[in-house]
Structures are given as C-alpha cells and as structure tokens.
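Can you build the whole structure from these sequences, using the hints too?
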Amino acid sequence: MKLSQATLSVPFLAAAAAAQATAGPYGQCGGIDYSGPTACGSGYGCTSLNAYYFQCYPGAAGAPTTSTTTTRSSSSTSRPTTTTTTTTTPTTKVTTTTTTSTPKVTTTPPPTTTSPGGGSQGSVPTTLQDGWAWVRAVASPNFHSYLQAKPTGAPGPAYLDSHTSAGQFKVSAGQVVYNRGGSTPPLYMNVENPADKTQRKLRTTFSATQNTYGAFAFQGDTLTWSVADIKRPNEAAWLVCDKQELFINTGAYLYQTPEGCFDQTIHSYGGATADL
1 MKLSQATLSV PFLAAAAAAQ ATAGPYGQCG GIDYSGPTAC GSGYGCTSLN AYYFQCYPGA
61 AGAPTTSTTT TRSSSSTSRP TTTTTTTTTP TTKVTTTTTT STPKVTTTPP PTTTSPGGGS
121 QGSVPTTLQD GWAWVRAVAS PNFHSYLQAK PTGAPGPAYL DSHTSAGQFK VSAGQVVYNR
181 GGSTPPLYMN VENPADKTQR KLRTTFSATQ NTYGAFAFQG DTLTWSVADI KRPNEAAWLV
241 CDKQELFINT GAYLYQTPEG CFDQTIHSYG GATADL
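The opening position of the sequence shown corresponds to residue 1 in the working numbering, with each subsequent residue numbered one higher.
If you're looking for bench data, these hints aren't it; they were derived computationally from the structure.
Quantities reported herein were computed from a predicted structural model and do not represent experimental measurements.
Careful, some of the hints might be misleading.
Said to hold, decoys possible - No more than 20 Å apart at the CA atoms, straight line, and that leaves these computed lysine-lysine pairs for PhoX-like:
id : residue 1 : residue 2
1  : 170       : 201
2  : 150       : 231
3  : 170       : 150
4  : 231       : 197
To be verified - DEER-style ranges, computed between Cβ atoms:
id : residue 1 : residue 2 : range
5  : 203       : 255       : 13 to 23 Å
6  : 42        : 273       : 25 to 35 Å
7  : 36        : 182       : 17 to 27 Å
8  : 215       : 59        : 11 to 21 Å
9  : 243       : 199       : 11 to 21 Å
10 : 200       : 140       : 32 to 42 Å
11 : 25        : 182       : 44 to 54 Å
12 : 259       : 25        : 20 to 30 Å
13 : 21        : 255       : 21 to 31 Å
14 : 129       : 256       : 15 to 25 Å
No residue lacks a Cβ here, since even glycine has one placed at the ideal position from N, Cα and C.
See below:
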C-alpha cells in the first residue's frame, strides 16, 4: 500500500514542478545569462527582444532559440567577441546556451577623472578596478550607454549616458555601490518610494546614504530591483527618459511605455575600459 501511494504521488509532484517553472505574463523567459523559467503560461508565447532578453507576450509565436559563442584573444584585457544566431521554432520554450568569461584586469594604479565641483566628489577611476564593473545598456536606442552621475561621481540623479563619463559599480548587500576612487566614500543608488504604488516610473538617484526602499541584485549580468509592496512583472525593466535620466519601470517591459521614455535592461561589463 505504501508503494502504491508513493507511485501515485509522482505525477502530482511533476505537475507542481512544471507550474513553478512557468514565467508569468510579460515575465522574462530567456536570454544570455538568464537561469529562470523558460516556458510561458497558457495564452502567452516567449518572444526575443534582444539576445539578453526574452519576454512572455499574449498569443506570441514560439520564441527563437539563441546560441552564443564567445571567443577570447590572448590579451588579458581584451573584450569577448560574441556571435548570436537566431532561428524561429513553433514552441514557447527557450533554450539559451551561454559561455561566460570575465576579462582579467590589471592591478596597476588606474587613470582617474576629477569631477567638477570640488574634491568632495573624488577622482573617479577611468580604468576598471578589481571587484567593480561598468553597467550599460545593450539594446537600441541606448546601446552601450553607461550608468553614471552628472557631474561624474556627484550625488544626484542617475543617468545612462556616454561611455566617457561612466561610473564603476558593484552590488553589495542589496545596494548598488558607486566607486568614486581612492579614499573617497562611495555613493549608493537610491529608489523613490512613491505614495501611489501603481506609479509607473520610480526615480533613481545617487546619495551618500544607503537605499532604504527595495533591494538590487544581479541575475547573471542583468541588474534587477525588487521590493515587497510592488509586484513587478519584470524586475529587470528600466526606463531611460528625458535627458537620459534612469528610472525603474514598475510595469511590463515594452508595454504601455510612458511618453518620452525608452525600455531598457542594463548589464554589467568587465572590460578594462568603458567602450562602445
């Protein structure tokens, strides 16, 4: 009798596991370095938005299958070369094969850029330091625009803009930490806590105090943000709006985008310098 009960429980457990492995409406379902659910729920199909991001859309056709090959030269600071091949298949499941490598960075003292406005903003390094990363977009219209402050290293709004003034960042204990160089204290990315939790755009700023609303994390190389009192369909969704200011998108990626804004995902990059 015990053997019969154990045998009957297997289909139930399999069904439960399958349900847990299904991405929700407008949720991410594939892409380079993505490790979450790759199947969409009933009525939704997995659609490729770019090599890094696949999303569940109503009635969409089966998602392409993406394979990525990364080759490296012998130089310790050279940038990987990535080739992506996409074909369409009649299924809603995405298979992503990724070869990931982190460029080795030399530890010689890097050049620095002194920010306008006084010594309180520090001398921001322009060569990547060990333990830090650039953060940039990888899709049009902000392809290879980099996370930064203006002036460089100064408290204020967060921007996604030119590689010439890119900042260096890491995520530590749920905080996005901005490296201002030398002994200068870092800045932290802060997120607006709105009174109306249905607000579509949340402003991001850099401050000397740590963020108290939500937590940041890297999912693969993708920067995400989550908070308990806002249920986001996509924790990797960002908006780049007027003057290149960066906002958190609390809605679905590429759906009802606020006027004057563009949907983006942003990703870490380990090259020695911020380049195009």
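Exercise for the section: Look at the Cβ atoms of residue 200 and residue 140 and judge whether their distance stays inside 32 to 42 Å. Expected result: violated, 22 Å
Problem - Pair hint residue 231 and residue 197, alpha-carbon separation not exceeding 20 Å - result: Holds, at roughly 9 Å.
Handout entry: Distance restraint evaluation - residue 21, residue 255, Cβ atoms, bounds 21 to 31 Å
Key = For residue 255 against residue 21, whose Cβ atoms are near 23 Å apart, the range 21 to 31 Å holds.
Practice task
Given the hint of 20 to 30 Å, check if residue 259 and residue 25 actually sit that far apart at their C-beta atoms.
Solution key: holds, 23 Å
Exercise for the section: For the pair supplied as a hint, residue 170 and residue 150, confirm whether the alpha-carbon distance does not exceed 20 Å. Expected result: holds, 19 Å
Exercise for the section: For the range 15 to 25 Å, tell me whether the beta carbons of residue 129 and residue 256 fit it or not. Expected result: Violated - the Cβ-Cβ distance for residue 129 and residue 256, about 40 Å, lies outside 15 to 25 Å.
Problem - Outcome of range test on Cβ distance (residue 42, residue 273; 25 to 35 Å) - result: violated, 47 Å
Practice task
With respect to the beta-carbon atoms only, verify the hint that residue 215 and residue 59 lie 11 to 21 Å apart.
Solution key: violated, 34 Å
Handout entry: Pair hint outcome, residue 150 versus residue 231 [Cα-Cα no greater than 20 Å]
Key = violated, 31 Å
Problem - residue 170 paired with residue 201 [C-alpha distance capped at 20 Å] - result: violated, 23 Å
Practice task
Starting from the hint 11 to 21 Å, judge whether the C-beta atoms of residue 243 and residue 199 obey it.
Solution key: holds, 20 Å
Practice task
With respect to the beta-carbon atoms only, verify the hint that residue 25 and residue 182 lie 44 to 54 Å apart.
Solution key: Taking Cβ atoms as reference, residue 25 and residue 182 lie about 47 Å apart, which means the hint holds.
Checked against the numbered hints above, the structure breaks hints 1, 2, 6, 7, 8, 10 and 14 and satisfies the rest.
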